[in-house]
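With chain Y's structure known, arrange chains V and E on it following the hints.
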Amino acid sequence: MNISPKDKISTVQTAISVTLLTIGVSILTVPRAITEAVKTPDGWLSILIGGLIAMAGGYLVVSLSRRFPGKTFFQYNQIVVGKTVGLLFSILLIIHFILLSSYEARALSELVRIYLLGRTPREVIVILFLTTGTYLVVGGINPIVRLLEAYFPIIMLLILIGMMSGFQKFELDNLRPVLAQGIGPVFKGVRAVLISYVGYESMLILTNFMQDPKKAFKAVFAGISISMISYLLIFVVVIGMLTVEEVQLLTWPVASASMEIEVPGGIIERFEPIFLVLWILTIYTTFVLSYYFAGLGLAQLFRKDINPFLYGLLPIMYIAAMLPPDLNAVFKMGDLNGYIGIVSGIFIPLILLGIIWIRRIGNGQK
Amino acid sequence: MFRWFKNKKKKGEASQKLKSSKDVTSISKNLKTNLQVIYQQIGHSSDVIIRSFQIENSKLEAAVVYIDGLADEQVINDQILKPVLLELRKIGDVRGEKALRDELKRAMTTLSKIKTAQQIESCISHILSGGTVFFVDSSDEALLLSTPGWETRVPSEPTSEPYIRGAREGFVETLTDNIVLLRRRIRDPDFTVDIYKVGRRSKTDIAVAYIRGLANQELVDEVKRRIEQIDIDMIQETGYIEQLIEDNFLSPFPQVLATERPDKVAGNLLEGFVAIIVDNTPFVLIAPATLSMFLQTGEDYYERWMFSSMLRILRILISFIALFLPAIYVALVSFHQNLIPMDLMISIAANREGVPFPSLVEALIMEMTIEILREAGLRLPKPIGQAVGIVGGLVIGEAAVRAGIVSPIMVIVVALTAISSFALPEYAMGIAIRMLRFPMMLVAGALGLYGIMLGYIMINVHLVKLKSFGIDYLAPYVPYRLRNWKDLMIRAPIKKMRQRPQMMKTQDPQRKDS
Amino acid sequence: MGRNRYFIGIIFAFIFLINAGIMVGCWDQTEIEDLGIIVGVAIDKPKTAEGKEEEKKESERNLSYEKHRLTVTQQFVVSQAMGSKESSAGMPSQEAYSNVASEGNTLFQIASQFSTMSSRLPYYKHLKAIIISEEIAKSLNLEQLLNFFLREPEMTRDIQVMISKGCARDVLEVKPIKERLPVLALLSLTENEKKTARMAEKLMLGNMSKKMANGSSFLIPRVVTYGDSVQLAGAAVIKGKENTMIGWLGEEETEAINWILGKIEGSAVETVDKETKEFLVYEVKEQRSQIKPKVEGEKISFVVEIESEGGLGEDWLISGDAFEEAFMQRATEAIREEIVSIIYDGLTKTQKEFKVDVAGFGKQLYVQYPEVWEKVKENWDEYFSTVPVEVNVEIHVREFGMKGSKSMQHE
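Chains as they are written, first to last, in my numbering: chain Y, 1 to 366; chain V, 1 to 514; chain E, 1 to 411.
The following block holds chain Y by itself, in its conformation from the complex (with noise of 0.2 Å):
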């Protein structure tokens, strides 16, 4: 039986994991997404303020996932709040799940259609894709997070040479003048940041997979910062390349900038194509742990073995993949999940937490 987390994962893991659960496609458009509502160059406080944001929520969700220890929030909150209404979280966090990695899934197809592969039709680029991630997920939790571990240096190295040799054509003046209009565009940014910050009310699940839960506040810390910093040398490097005003007409801002690298030696005429290719392994990483976790959480509402669920999911991601009828409805989808990533990441951890405190002031009356 694979539904109880019996299958225990390290700190360092964890961490990896939230940092993989939320950059993957959306680093690609947050200088967009930023730029379009700050329209300055200030959008790297967004970022700053969205990180503490997504902290502070990181905290909400680790200390609440704390008092069940065992248990994943599937389990947890009929608890707290009764069979109908733990019922509905647990939906909304599913479909969360779902529509993330359908998002990650179509978000890939319209990359590679537009830099590797004009012509292959997205249903074979996306099945492939679904496939190559029922593949591991199969696996189970433990072979996933050793994947990402796996990644992740690569993905950071990547990042950082990315970002080096953005520096050939990176112009600091394109980043100033720093709070020309005052503090308030940059709110209007952190709206836009939080978006992209979704990922890690994973920990709702993942706390209780982790050998020392003690260490869940360090490592959801851990891994919202290192998104946090990459969010900003991507961001800063962008901007700094192509200018705010250019980068919110570009569908894929960070694609765009990498055109602009020259390869030293020539040895490659373009880096873009090789930038998109290796971060499908970031795209891959979202997409596996989002993929994992909804099947969980149907295995875990089921409580039935999980392989199936996981099999089930296949087509209703391929057709939530599919519903898009265009790249405008993809960043809507995408948009529209990062809302719910963002209920499901604050508003109802701070329910459930609430209804904890009021519960525990009843006794205490008593």
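The hints are simulated quantities; they were obtained by calculation from the structure and are not laboratory data. Being a predicted model, the structure only gives us computed values, none of them experimental. It cannot be assumed that every hint is accurate.
[Unchecked claim] Take a look, some chain Y residues computed to stay more than 10 Å from chain V by CB distance:
#, residue
1, E123
2, Y135
3, K188
[Said to hold, decoys possible] Stretches of chain Y that chain E covers, calculated by requiring three or more beta carbons in the stretch to come under 8 Å of a beta carbon on chain E:
#, stretch
4, 170-180
5, 297-304
[As the list claims (entries may be wrong)] Below, in silico cross-link-like pairs of lysine to aspartate or glutamate (EDC-like), each with a Cα-Cα straight-line distance of 16 Å or less:
#, chain 1, residue 1, chain 2, residue 2
6, E, K363, Y, D173
7, Y, K39, E, E371
8, Y, K169, E, E154
9, E, K128, E, E95
For every residue, glycine included, the Cβ atom is placed at its ideal position computed from N, Cα and C.
Chains V and E only, in chain Y's frame:
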């Protein structure tokens, strides 16, 4: 803690039943009966020799049984028959069974190993493994005398793993000699060898060697358990053992390391690994094995650390080239021409002008050719093999280009790939990578770099799922064991390597005091 | 349980492989030798009578056609001729390139027309240069014109854009001496920035897109054909927001802008010594510049601080003794004055005549006085023409080469 126990429990029970169903015959006090039983079981073969004689003084009937050639006749004559016949005569009557036995043993002190047996079966197996059995009338015990007389090979340089710097001796086909080779390197009282007989008919000796008090006991027990559970009629080579005890027979990757080098085995024993030595083969198995072990050689530790580190990084590059280069060529030429620098692109295009096949077919043709050449070079006698390799490679490559079947760049790609796959230090890993190259080319031919990436992810997923004796195949890279990364992609200075591999969960984790 | 998992894995692997196998030869596979590699594109106004007639007919139907009519010439690489080594050994060989022209209203439409004219699939991923003719640049909004190149993922952002004096097609026709492709020969000219300041900084499509997004004015390098040779010097001035060309900058005026931008990597400045009326040449080795906006109340002004280091490259003075401190000071002063006058000339031309800001004054104002910028940004180019600009130049002649003085003065 370890999940490996589940898998093979059922099989183990079954094999034990089979073993217990065999009957056991005790040795009777009557010499004639004993000899008759033995004659019935193995006497039909003409190389079995039974020599009966009388110990003169006591008028006791006695007999030695051995196999011609397998036992050393000279030893039997000089060290068994002569003393027994001559010395016992001097001493005179000996009465009492135990006294007689002691007397006989004393007479044969020049022999190294004397054991006693109560059962005919153990006598027979002793005879069949080159020993001599000494029966005396009116005794229900037989003496098992060790008289190995077969030819053994002198340790010579291992042909499959030559080192520039390192011992020039490799394992031989004799189990005892191999243990000696290890023993000479590890004079540790804790060095332990447990011997098993495996194979219903071959009764091959298999030794499990480890350092007691250092190797993880669970690992040792698991290796022993898996060996005990083997039920097969014969063991030819360590390959049998390897395939019978590995975790996942569906994986293309080797999960046990085979080596001919005693220094490598000794080094691994001290890191907490377990060695499995099989009689009649110079290959010794090291279990468990991880991916990184297949990209390292023992020589890495003999050369200075910077050079070794460089080699290790080079090997990672080599394995990527061997696995992906033809696939990348196909992807670039058929899908992502924008990655190729323009000058190169124009020259590739000009070269491929007139090649009738798509690049995928071109690559498959050339890869097949090189595999065929390799196989031919291997099977033919050495001097001819080399000639075939060179002539075939040159002629076919040149002719294919001239005939316009392939482009010259394809020939370079194929040659580089082939050389890379041979440059990998472990043959078994080279095979795995050569095999995986073909599916990689197919996915590249269908989906370009995206296909390659998916294939790469598939391989990685398989690797993270794979375990060898409960140890992650990607250890110590994943899960992170930063301390052991000193001996992973780089080889840190020996002074700095203080710990044994954490993944082995050794009982004595410290290699030396810092 | 455990074993089932492996079988499932194997089944997935097979599905994957079979899928892959079925798809071989589909969709995106195009072999490299089937591609017609396009390295350069020239955009002109149509000239042929036929084209004009058609144009007229269409303009009767729809007026907007008239202004959009374009002739596009594309330079294909003939890879056979490029690849074969024998042909270069004297034999009158095939040309390594071929230029194909076609007409239409939109670039995408024209590009797809090429597929009907070429045996090879037009392939834009290695496109290196876009040359736009003067006429087109003056009449069309470049952002609209180049939209195709910026949108299409086949294109890179580092395609160089140039404006030709006269017909753009002629640039692609000039047969180079060393290189085998005219476009590559042209591109190797842009690498000579290190030796001269008289060409505008090379402009990549990506940078151009940034500038158009900003709404700022900018320069595009000018390419001129003289019979058999091509020269890259001077620049076209593009007015921001409208994104159309409004005039040419000569070589010295372009140099002036380069001085202000601080982009000079190497150049020579020729001046005349006041006393002897002989020539002096200053070799620029390093150059930095800084634009400092000043705001006093409503008044905006700029100071451009320019600093340069270099050596005396050549002097025609008989008395010129570089070992002498006084001479060096005199030379420095002469050079400084020359540079200042070059800069003022260029600045006046762009600022007063064309009324554009091509050297990023506005950007500096925005960076340092964002609130002031907010007030003037709407009509910046107009406003800029009234703003006083002061140029301070500092020259350090630090080297004078291997020979400091001449023998003549010792006689």
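Quick rundown of the hints versus the structure:
1. E123: holds, 13 Å
2. Y135: About 5 Å separates Y135 (chain Y) from the closest Cβ of chain V, which leaves it inside 10 Å; violated.
3. K188: At about 37 Å from chain V, K188 (chain Y) clears the 10 Å cut-off, so the statement holds.
4. 170-180: holds (count 4)
5. 297-304: violated (count 0)
6. E:K363 x Y:D173: At roughly 8 Å apart (the allowed maximum being 16 Å), D173 (chain Y) and K363 (chain E) satisfy the hint.
7. Y:K39 x E:E371: Within the cut-off at roughly 15 Å; holds.
8. Y:K169 x E:E154: Violated - the C-alpha atoms of E154 (chain E) and K169 (chain Y) are around 21 Å apart, more than 16 Å.
9. E:K128 x E:E95: It is violated: about 19 Å lies between the C-alpha atoms, which goes past 16 Å.
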